[in-house]
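J.: Now for the letters of each chain:
There are 2 protein chains.
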Amino acid sequence: MPELGFQDVRAAHARIREHIHRTPVLTCAHFDRVTGARVLFKCENFQRTGAFKLRGALNAVLGLSEDELARGVLTASSGNHGQALAYAARLRGARCWVVLPEDATPVKRAAMRGYGAELVVASRDPDERLGRAEALQQETGAVFVPPFNDPAIVAGQGTAALELVQDAGPVDVLLAPVGGGGLASGTALAAAGLTPQPRVLGAEPAAADDAARSLACGRRLPSEHPSTMADGLRSSLGELTFRILRERLAGIVTVDEPAIAQAMRTVWERMKIVIEPSAAVAVAALLSGEVARPGERVGVILSGGNVDLDRLPWADG
Amino acid sequence: MPELGFQDVRAAHARIREHIHRTPVLTCAHFDRVTGARVLFKCENFQRTGAFKLRGALNAVLGLSEDELARGVLTASSGNHGQALAYAARLRGARCWVVLPEDATPVKRAAMRGYGAELVVASRDPDERLGRAEALQQETGAVFVPPFNDPAIVAGQGTAALELVQDAGPVDVLLAPVGGGGLASGTALAAAGLTPQPRVLGAEPAAADDAARSLACGRRLPSEHPSTMADGLRSSLGELTFRILRERLAGIVTVDEPAIAQAMRTVWERMKIVIEPSAAVAVAALLSGEVARPGERVGVILSGGNVDLDRLPWADG
Numbered sequence: 001m002p003e004l005g006f007q008d009v010r011a012a013h014a015r016i017r018e019h020i021h022r023t024p025v026l027t028c029a030h031f032d033r034v035t036g037a038r039v040l041f042k043c044e045n046f047q048r049t050g051a052f053k054l055r056g057a058l059n060a061v062l063g064l065s066e067d068e069l070a071r072g073v074l075t076a077s078s079g080n081h082g083q084a085l086a087y088a089a090r091l092r093g094a095r096c097w098v099v100l101p102e103d104a105t106p107v108k109r110a111a112m113r114g115y116g117a118e119l120v121v122a123s124r125d126p127d128e129r130l131g132r133a134e135a136l137q138q139e140t141g142a143v144f145v146p147p148f149n150d151p152a153i154v155a156g157q158g159t160a161a162l163e164l165v166q167d168a169g170p171v172d173v174l175l176a177p178v179g180g181g182g183l184a185s186g187t188a189l190a191a192a193g194l195t196p197q198p199r200v201l202g203a204e205p206a207a208a209d210d211a212a213r214s215l216a217c218g219r220r221l222p223s224e225h226p227s228t229m230a231d232g233l234r235s236s237l238g239e240l241t242f243r244i245l246r247e248r249l250a251g252i253v254t255v256d257e258p259a260i261a262q263a264m265r266t267v268w269e270r271m272k273i274v275i276e277p278s279a280a281v282a283v284a285a286l287l288s289g290e291v292a293r294p295g296e297r298v299g300v301i302l303s304g305g306n307v308d309l310d311r312l313p314w315a316d317g
Numbered sequence: 001m002p003e004l005g006f007q008d009v010r011a012a013h014a015r016i017r018e019h020i021h022r023t024p025v026l027t028c029a030h031f032d033r034v035t036g037a038r039v040l041f042k043c044e045n046f047q048r049t050g051a052f053k054l055r056g057a058l059n060a061v062l063g064l065s066e067d068e069l070a071r072g073v074l075t076a077s078s079g080n081h082g083q084a085l086a087y088a089a090r091l092r093g094a095r096c097w098v099v100l101p102e103d104a105t106p107v108k109r110a111a112m113r114g115y116g117a118e119l120v121v122a123s124r125d126p127d128e129r130l131g132r133a134e135a136l137q138q139e140t141g142a143v144f145v146p147p148f149n150d151p152a153i154v155a156g157q158g159t160a161a162l163e164l165v166q167d168a169g170p171v172d173v174l175l176a177p178v179g180g181g182g183l184a185s186g187t188a189l190a191a192a193g194l195t196p197q198p199r200v201l202g203a204e205p206a207a208a209d210d211a212a213r214s215l216a217c218g219r220r221l222p223s224e225h226p227s228t229m230a231d232g233l234r235s236s237l238g239e240l241t242f243r244i245l246r247e248r249l250a251g252i253v254t255v256d257e258p259a260i261a262q263a264m265r266t267v268w269e270r271m272k273i274v275i276e277p278s279a280a281v282a283v284a285a286l287l288s289g290e291v292a293r294p295g296e297r298v299g300v301i302l303s304g305g306n307v308d309l310d311r312l313p314w315a316d317g
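Heads up: the protein sequence lines correspond to chains U and A, in order.
Here the first sequence is numbered in the numbering used here, starting from 1 and rising by one per residue.
Here the second sequence is numbered in the numbering used here, starting from 1 and rising by one per residue.
Quick caveat, the hints were computed from the structure, so don't treat them as lab data.
These numbers come from a predicted model, not from an experiment.
A couple of the hints might just be wrong.
All copies of an identical chain are treated as equivalent in the list; a pair is satisfied when it fits inside any one copy or across any two copies.
To be verified - Quick list of in silico lysine to any residue cross-link-like pairs, SDA-like style, CA-CA up to 25 Å:
| # | residue 1 | residue 2 |
| --- | --- | --- |
| 1 | Lys108 | Cys28 |
| 2 | Lys108 | Thr27 |
| 3 | Lys108 | Ala315 |
| 4 | Lys108 | Gln197 |
| 5 | Lys108 | Arg15 |
| 6 | Lys108 | Pro196 |
| 7 | Lys108 | Leu287 |
| 8 | Lys108 | Ala29 |
| 9 | Lys108 | Ala261 |
| 10 | Lys108 | Ser123 |
| 11 | Lys108 | Pro313 |
| 12 | Lys108 | Trp314 |
| 13 | Lys108 | Thr35 |
| 14 | Lys108 | Leu194 |
| 15 | Lys108 | Asp32 |
| 16 | Lys108 | His30 |
| 17 | Lys108 | Ala216 |
| 18 | Lys108 | Arg33 |
| 19 | Lys108 | Gly218 |
| 20 | Lys108 | Val34 |
| 21 | Lys108 | Leu309 |
| 22 | Lys108 | Arg219 |
| 23 | Lys108 | Arg234 |
| 24 | Lys108 | Leu91 |
| 25 | Lys108 | Arg265 |
| 26 | Lys108 | Leu312 |
Using the sequences and the hints given, assemble the complete structure.
T.: Okay, here's the thing in structure tokens:
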């Protein structure tokens, strides 16, 4: 397979752009003041299905042949990727199966069902769930669309950074949260084609810091039992995303749970927008002072806005 | 005094426009689907100081003479008007006193102090507080800037509706929440100059329905001890705003507290934006089915986004 690069991000954008929201890039005097930088927030919380994940899922689904579409698509994510795939499949009239853990929230189930997905409830154990998905794939012949460790997904996720720079102008730094690494990898591919070329940083919860540890030691060290409120960032890097990030990422900033909650709250209060904890991880990294120097222009991907409003991280605090 | 009209709204806009955010008009597929209408949300939650109140306060302060500015300004509102006046005064380099009830939250005090206001803590009783403000005015010679019952304030608030139609095109209906009536009055004045002329509706909490009752019986009937989560709408109409609304308003839709909380939550979940309960009153009215017919274009003023995140109306529910 040829190396993934900027041209794949550009091709993904051409493919998906008519089906996604061109989300706005917002600024906020408060964050400029406290960082000394010019902060440009790419608001993927306003994306259809509530998160950037739609970009990758659409790029994957729009690249399928008629034969593949006739067989349907399948994934094992209960989160934003599951919703995104369900949305993308409906757009192409394809069946979509999502294998869920038994503790997936009613809100998420309703959202996926609303997009026409067929839900298959399985165990909370990831390995058992993957086994169930594989069996279902055998049975149905559906195309498995992974949440991050896939060239089409990575290229699709990179389109958020591409739009950010197209709409707001050149940046010195691009900052994205890191879970499985799809968004950060795509952002790094997008950056490689920009002039001037920004440095790309990742933001990761200290409680799920497999990417920081893996990049430090040069081999993949998956998180075991990650315990972070940033539910979108509990995955560990895949082989592909590890390879891209090892080659292209300038560094990873890790942040603790109180900093994530505080950053989320500050964005809600100051910008009046709803972001989810995983998006707040990038904001917390920005506020750590380790991302940007005064005067720099920083693009931050606010990855999503799907929050359980009954369980906010500052409740009872 | 000559009759207030559309020309005053236009003049206010010319005066304040360079100092305010041109807030976006957002749409949301969910609200279009459930109402059958095309809903255009004017997002004053993104306005500086977090609410539309800045429009009126700026129009009042920018209209003061140098002599008046040298004496400073004063108000008795602890809410969004207090913050707005403090912001406007700072812009012109004028002193600003705000008389607060003793139970005003630390967040609001900090915001006003952040804009340079001098805070004077008084009783929770509105009459005592007004007395304190009058004494302070005698003592300092400052100009009292009322929160709604004032021509400059009303004209300023009307600029939100003006921008909505300038940016999103003609509407059949304009909908604004009603507290003291400044925003609804200004919206009605703005509507009077538009072609085609939209009908203007007010939205009011059933638990603070003085405007609905007053308009029904033809004289002002203030709310006594209004008990609504919409803290921006507890005021009763003033003489000026009553007169304007009686002449120009097509009607008022009242909504109960559970409907307000549900509407607020739906906006947060679906639109990923933070609105305050007072803004949610308009959304609840929209969802009641009494505002718009299918196919109509409806402009809704989302009045503000200043919420206490520790006391959300769905907590413990």
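J.: For every hint, state whether the structure bears it out.
T.: Do the hints match the structure? See the list:
1. Lys108 with Cys28: between (30 Å within a copy, 19 Å between copies)
2. Lys108 with Thr27: Cα proximity of Lys108 and Thr27: across copies only (23 Å, versus 30 Å in one copy).
3. Lys108 with Ala315: Classified as both; 21 Å inside a copy, 20 Å across copies.
4. Lys108 with Gln197: The answer is neither: 38 Å in one copy and 43 Å across copies each exceed 25 Å.
5. Lys108 with Arg15: neither (27 Å within a copy, 47 Å between copies)
6. Lys108 with Pro196: Neither. Shortest intra-copy (40 Å) and inter-copy (43 Å) distances fail the 25 Å Cα cut-off.
7. Lys108 with Leu287: Result: close only across copies, 23 Å inter versus 30 Å intra.
8. Lys108 with Ala29: Cα proximity of Lys108 and Ala29: across copies only (18 Å, versus 34 Å in one copy).
9. Lys108 with Ala261: Both ways: Lys108 and Ala261 sit 22 Å apart in one copy and 21 Å across, limit 25 Å.
10. Lys108 with Ser123: For Lys108 and Ser123, only the intra-copy Cα distance (16 Å) is at most 25 Å; the inter-copy one is 47 Å.
11. Lys108 with Pro313: Both. Shortest intra-copy (19 Å) and inter-copy (22 Å) distances satisfy the 25 Å Cα cut-off.
12. Lys108 with Trp314: For Lys108 and Trp314, the Cα distance is within 25 Å both inside one copy (22 Å) and across copies (19 Å).
13. Lys108 with Thr35: between (35 Å within a copy, 24 Å between copies)
14. Lys108 with Leu194: Intra 36 Å, inter 43 Å, cutoff 25 Å: neither.
15. Lys108 with Asp32: between (35 Å within a copy, 22 Å between copies)
16. Lys108 with His30: between (33 Å within a copy, 16 Å between copies)
17. Lys108 with Ala216: neither (35 Å within a copy, 45 Å between copies)
18. Lys108 with Arg33: Close across copies (20 Å), not inside one copy (37 Å); limit 25 Å.
19. Lys108 with Gly218: neither (36 Å within a copy, 50 Å between copies)
20. Lys108 with Val34: Answer is between: at 20 Å across copies they meet the 25 Å cutoff, but 35 Å inside does not.
21. Lys108 with Leu309: Both: 13 Å inside a copy, 23 Å across copies.
22. Lys108 with Arg219: neither (34 Å within a copy, 50 Å between copies)
23. Lys108 with Arg234: Close inside one copy (17 Å), not across copies (37 Å); limit 25 Å.
24. Lys108 with Leu91: within (19 Å within a copy, 46 Å between copies)
25. Lys108 with Arg265: both (23 Å within a copy, 16 Å between copies)
26. Lys108 with Leu312: Both, since 16 Å and 22 Å are each at most 25 Å.
Violated hints, listed in ascending order, are 4, 5, 6, 14, 17, 19 and 22; each of the other numbered hints is respected by the structure.
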